[in-house]
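Going by our numbering, the letters in the sequence shown line up with residues 1 to 223, in that order.
Keep in mind the hints are simulated off the structure, nothing from the lab. Be careful, since some hints might not be right.
[Claimed, not checked] Lysine-lysine pairs mimicking PhoX-like chemistry, simulated, CA-CA at most 20 Å apart:
1) K52 / K34
2) K197 / K34
3) K156 / K197
4) K218 / K197
5) K145 / K192
6) K34 / K145
7) K145 / K158
8) K140 / K158
9) K171 / K218
10) K158 / K197
11) K218 / K156
12) K145 / K156
13) K205 / K171
14) K171 / K140
15) K192 / K156
[Said to hold, decoys possible] Just the calculated beta-carbon pair ranges, DEER-fashion:
16) S163 / D122: 16 to 22 Å
17) D124 / E42: 37 to 43 Å
18) S141 / P79: 40 to 46 Å
For every residue, glycine included, the Cβ atom is placed at its ideal position computed from N, Cα and C.
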Amino acid sequence: MSQQLSRSVQTNQEGVHERLEDYVQRHIRHSFQKPIQKHNEEAFSTLQSALKKFDGHPLILDSCCGTGMSSINLARLNPDALIIGLDQSYHRLNKYGVAEDTPENCILLRANCEDIWRLCADNDIRFEQHTIFYPNPWPKSVHLKRRWHGHPVFPKLKQLSTSLELRSNWKLYLEEFAVAWRILCGEDVLVKELEIKDPFTLFEKKYHASGQPLFQLKIENID
Numbered sequence: 001m002s003q004q005l006s007r008s009v010q011t012n013q014e015g016v017h018e019r020l021e022d023y024v025q026r027h028i029r030h031s032f033q034k035p036i037q038k039h040n041e042e043a044f045s046t047l048q049s050a051l052k053k054f055d056g057h058p059l060i061l062d063s064c065c066g067t068g069m070s071s072i073n074l075a076r077l078n079p080d081a082l083i084i085g086l087d088q089s090y091h092r093l094n095k096y097g098v099a100e101d102t103p104e105n106c107i108l109l110r111a112n113c114e115d116i117w118r119l120c121a122d123n124d125i126r127f128e129q130h131t132i133f134y135p136n137p138w139p140k141s142v143h144l145k146r147r148w149h150g151h152p153v154f155p156k157l158k159q160l161s162t163s164l165e166l167r168s169n170w171k172l173y174l175e176e177f178a179v180a181w182r183i184l185c186g187e188d189v190l191v192k193e194l195e196i197k198d199p200f201t202l203f204e205k206k207y208h209a210s211g212q213p214l215f216q217l218k219i220e221n222i223d
């Protein structure tokens with residue numbers, strides 16, 4: 001059976017959202033106060049137990065990991081590091097049975113990223129690397145606040161890691177993120193087209209097979 005091709009992102013925006021700066025400035029001024037959900041507290045406890053077991057090892061956070069393919073690939077590429085894969089969907093994490101093949105240095109947690117990010121930041125847990133590969137683009141203009149750079153949790157990202165990498169098949173998503181990061185940190189970052197040799201996630205594999213250009217935003221040496 002041939003692989004089903006994927007459509008490119010369709011949006012009613014012509015460029016960076018006109019209200020992006022308003023959203024980011026508001027979230028900088030007012031911290032995110034939504035109560036932490038119980039299942040996310042339980043996932044964070046699992047994370048803390050793993051940190052104790054891997055004390056002294058480098059830490060990598062893989063947010064929006066979907067089926068966990070990216071987290072497993074990161075674990076195999078970084079055998080001395082502990083990789084934490086996060087996704088809110090139990091179905092996605094178990095869709096292809098990858099959890100059964102998870103390396104010892106990788107844990108996959110069913111949790112909402114925004115709650116785990118807050119808990120890590122508030123408990124001074126900092127990762128050497130943070131990846132967000134192919135997050136839901138929420139391409140309609142009205143959904144800006146659902147994109148990570150328009151979300152109330154966005155300011156916490158600078159506390160979480162030393163480096164941050166995003167990938168997307170929608171260039172505008174990363175361009176908006178770059179604008180939001182400049183507002184937050186005063187730092188310009190570039191969006192680059194990504195050359196694919198071996199797809200790192202199932203989404204990356206599907207988009208690449210469909211002939212879509214893929215893009216990367218990478219931030220290093222975050223204070």
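**Prompt:** Per the hint of 16 to 22 Å, is the separation of the Cβ atoms of S163 and D122 within bounds?
**Reply:** holds, 21 Å
**Given pair status - K158, K145, alpha carbons within 20 Å** = Distance ~18 Å between K145 and K158 Cα, so the pair holds.
**Message:** Holds or violated: K218 and K197, Cα atoms, limit 20 Å.
**Reply:** holds, 18 Å
**Asked** Under the criterion that the straight-line Cα-Cα distance not exceed 20 Å, is the pair K171, K140 satisfied?
**Response** holds, 14 Å
**Request:** Indicate whether the distance between the beta carbons of D124 and E42 respects the range 37 to 43 Å.
**Result:** Given range 37 to 43 Å: violated, Cβ gap about 20 Å.
**Message:** Tell me if the straight-line CA distance from K145 to K156 falls inside 20 Å.
**Reply:** The hint holds at about 15 Å.
**Asked** Within 20 Å, alpha carbon to alpha carbon, are K145 and K192?
**Response** violated, 24 Å
**Request:** Return holds or violated for the Cβ distance of S141 and P79 against the range 40 to 46 Å.
**Result:** Holds - the Cβ-Cβ distance for S141 and P79, about 43 Å, lies within 40 to 46 Å.
**Agreement of K218 and K156 with the hint, judged by alpha carbon distance not exceeding 20 Å** = holds, 17 Å
**Message:** Does K156 sit within 20 Å of K192, going by the straight-line distance between their CA atoms?
**Reply:** Judged against 20 Å, a Cα distance of about 24 Å means the pair is violated.
**Prompt:** K156 and K197: Cα distance at most 20 Å?
**Reply:** violated, 32 Å
**Message:** Need the status of pair K52, K34: alpha-carbon distance at most 20 Å?
**Reply:** Not satisfied, since the Cα-Cα distance of roughly 28 Å exceeds 20 Å.
Going through the hint list in order, the structure does not satisfy hints 1, 2, 3, 5, 8, 10, 15, 17.
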